[in-house]
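Take the two lone chains, each set in its own frame, and fit them into one complex as the hints suggest.
The chain contents come next:
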Amino acid sequence: DVKVTQSSRYLVKRTGEKVFLECVQDMDHENMFWYRQDPGLGLRLIYFSYDVKMKEKGDIPEGYSVSREKKERFSLILESASTNQTSMYLCASSQRAKNIQYFGAGTRLSVL
Amino acid sequence: KNEVEQSPQNLTAQEGEFITINCSYSVGISALHWLQQHPGGGIVSLFMLSSGKKKHGRLIATINIQEKHSSLHITASHPRDSAVYICAVRSYYGGSQGNLIFGKGTKLSVKP
Chain A
1 DVKVTQSSRY
11 LVKRTGEKVF
21 LECVQDMDHE
31 NMFWYRQDPG
41 LGLRLIYFSY
51 DVKMKEKGDI
61 PEGYSVSREK
71 KERFSLILES
81 ASTNQTSMYL
91 CASSQRAKNI
101 QYFGAGTRLS
111 VL
Chain B
1001 KNEVEQSPQN
1011 LTAQEGEFIT
1021 INCSYSVGIS
1031 ALHWLQQHPG
1041 GGIVSLFMLS
1051 SGKKKHGRLI
1061 ATINIQEKHS
1071 SLHITASHPR
1081 DSAVYICAVR
1091 SYYGGSQGNL
1101 IFGKGTKLSV
1111 KP
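Chains as they are written, first to last, in my numbering: chain A, 1 to 112; chain B, 1001 to 1112.
Keep in mind that the hints were calculated from the coordinates and are not lab data.
All of these numbers come straight from a predicted model, not from anything done at the bench.
There could be a bad hint or two in this list.
[What the hints assert, rightly or not] So the derived list for chain A, only partly shown, Cβ under 10 Å to chain B, looks like this:
1. 33
2. 41
3. 90
Ideal placement from N, C-alpha and C gives every residue a C-beta, glycine not left out.
The shape of chain B in the complex, shown without the other chains (with noise of 0.2 Å):
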């Protein structure tokens, strides 16, 4: 079983939609990640979260601790938000610095 597990894997929705992506991990941590990463390979960090909620124009990012489980929402999406977007969380038991566990990515797809 993945210690990082994303749903959906794909998800396509019509621009101006509300978009939800959810992270669900089965290991303590002490911050998770969401990552953007563009058709061509560049990987951008879009948040870090230890708890509660995070936003960042229209996107934002919440985490339940207790529960185990993030969500990334995009409000009034965009083609532009088209991207594989990736959660990564850091294990308090990972040993080694900065050392993270990602999901497998969720590819999006916003049709104009």
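One chain only, chain A, in its complex shape (with noise of 0.2 Å):
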């Protein structure tokens, strides 16, 4: 089975901090992602990487990085957290010729 690990389920950090979010996953994929998740909004793209040290910007990467330096690692980092960061965080995987993607339970993370 495909797994997808996220290193937090639950973060709390004060505004202000700079923040990371890891995800790897397990099956070899060359595509990953960052999402998150805010009721009534969906899912929306922050990130996605198709290659080590390749990365393009999804909808929403204002105030985010990403850093690709494994093919099985993913990082997510807020420079400066702010209250509206606060959100569900949702890592994905796939492969580059497959449009399923496998998701990671999430990180609910608060700024306070």
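Structure follows, in structure tokens:
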């Protein structure tokens, strides 16, 4: 079974802190994605990566950056957390030629 | 206007009822996905469709490409079917690999 693991299920941070959300997949997938999910808005793509060290902005990249130094790991970075970044964050991965995305369990981030 | 619209937003059913969730989209697509998200956050891919109909257990997904519409049916519903069901499409013109456009989800609650 494909496994996508997010490092934390729940996280509480202070405004202005630098926050790292980690995602690891074990199926040698080329594509990895970071989404946020908010009530009434659905899933929105923040960033994605189609290869090591490659990244592209999604629909809402402002306030976020990403890092993909190894194929299996995709990190989402909040440089200076703000209260409007309180949300559920979901990581996903997929094979390059396949549409199906496999999701992690999500990280519920609260910024106080 | 959202490119992917789901209806209804919320649905409450009695155990055993036949359930239909609808998804309409406004872009040309190469594939449509139905996803299930249980309380707690994890998302599972149920179906990927590009034409016709697929069945898995009590779940049936259909798509009409000409009408740009898909339905997810659940036969003999059960309380464990309670979840948010999300429709997502991959546009022809997405450009980037694997990107999906998501509906806002339908929250289903099945009462015993």
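Consistency of the hints with the structure:
With a cut of 10 Å, the hint placing residue 33 of chain A at the interface with chain B holds, because the nearest CB-to-CB distance is about 7 Å. Hint status for residue 41 of chain A relative to chain B: holds, with the closest Cβ pair at about 7 Å, below 10 Å. Here the hint on residue 90 of chain A is kept, as its CB sits about 7 Å from the closest CB of chain B, short of 10 Å.
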